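Trainee: Sequence:
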Amino acid sequence: MMDFVAGCIGGVAGVLVGHPFDTVKVRLQVQSVDKPLYRGTFHCFQSIIRQESVFGLYKGIGSPMMGLTFINAIVFGVQGNAMRLLGEDTPTHQFLAGAAAGTLQCVICCPMELAKTRMQMQDTGQKKSSSKKVYKNSLDCLLHIYRREGLPGINRGMVTTLVREAPGFGVYFWTYAVLTQSLGCEPSDSYMIPKLLFSGGMAGIASWLVTYPADVIKSRLQADGVGGVNQYRSIADCVRQSVRKEGYMVFTRGLTSTVLRAFPVNATTFATVTLVLMYARGEDLSPVTAEV
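Taking our numbering, the leading residue of the sequence shown gets 2, the next gets one more, and so forth.
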């Protein structure tokens with residue numbers, strides 16, 4: 002049970018830290034190659050703040066904030082229970098448990114990210130008062146999509162989400178396990194928290210580097226149709242069109258923003274989860290002062 006609770010708390014902390022970077026990532030991934038609005042990560046940050054205020058960076062936060070209660074509960078809960086079933090705590094078992102957790106949470110993750118993406122794309126490049134909003138909030142966005150397209154519309158991008166999440170969470174937990182074991186993150190260590198933050202941040206970066214191309218395609222499929230016209234018939238068609246127009250570098254669109262976001266978000270999430278679990282188990286978290 003504590004795995005679920007710790008996952009929820011860690012997830013909320015991670016969203017608050019990382020959502021602005023995610024908004025920038027999505028804008029860069031789906032902008033038109035013929036008429037790009039943004040020259041890069043920092044220009045995108047500046048443009049959003051200038052045109053839409055700082056709150057523009059938090060567009061769509063309602064969807065991940067609602068979903069992350071369940072998503073992180075599923076991820077850390079399933080991963081923790083899977084590890085208990087597998088028995089020995091090894092990096093390989095951490096990978097398998099993480100992959101299982103990533104697979105199961107796609108049911109919530111896919112609709113949540115669809116709403117987040119649509120909200121993030123709303124009023125793109127427009128002054129705050131210059132256009133009427135299609136969606137009032139993330140829930141309203143999902144209801145609009147459901148009324149127009151039914152369940153298939155709500156689950157748009159499910160396959161690419163699965164392709165991203167299963168290996169992504171496997172690498173995520175594997176990297177964290179390897180680093181924490183190598184660094185010796187013991188409760189009595191005065192440097193335990195910095196070590197946990199470093200391990201969590203690097204785990205997040207490793208996970209994104211492995212799965213980023215799938216994330217680009219997922220974002221494009223989920224943003225498709227925002228302007229009223231669908232460009233892609235399928236995953237393969239999206240890959241074909243993207244590579245033909247922009248080359249293989251299209252799969253790195255928004256990667257800078259993602260890596261910048263990945264470290265603080267996952268450092269915060271993993272450290273929070275680990276500390277909550279340690280506290281729940283009654284482990285002594287007070288550092289030992291080294292003798293001079």
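Bear in mind the hints are in silico, worked out from the structure with no lab data behind them.
Everything numeric in this text was worked out from a predicted model, so none of it was measured.
There could be a bad hint or two in this list.
So the derived label-pair ranges between C-beta atoms look like this [as the list claims (entries may be wrong)]:
| no. | residue 1 | residue 2 | range |
| --- | --- | --- | --- |
| 1 | R282 | T91 | 16 to 24 Å |
| 2 | D190 | Q52 | 30 to 38 Å |
| 3 | N231 | A281 | 18 to 26 Å |
| 4 | M67 | S189 | 23 to 31 Å |
| 5 | S191 | G151 | 16 to 24 Å |
| 6 | S191 | G283 | 44 to 52 Å |
| 7 | K137 | T91 | 31 to 39 Å |
| 8 | R234 | P195 | 45 to 53 Å |
| 9 | T91 | Q47 | 32 to 40 Å |
| 10 | E150 | F43 | 34 to 42 Å |
| 11 | R148 | T91 | 21 to 29 Å |
| 12 | I50 | N231 | 29 to 37 Å |
Each residue gets a CB set at the ideal place from its N, CA and C atoms; glycine is no exception.
Trainee: Return the numbers of the hints above that this structure violates; sort them in rising order.
Mentor: 2, 3, 4, 5, 6, 7, 9, 11
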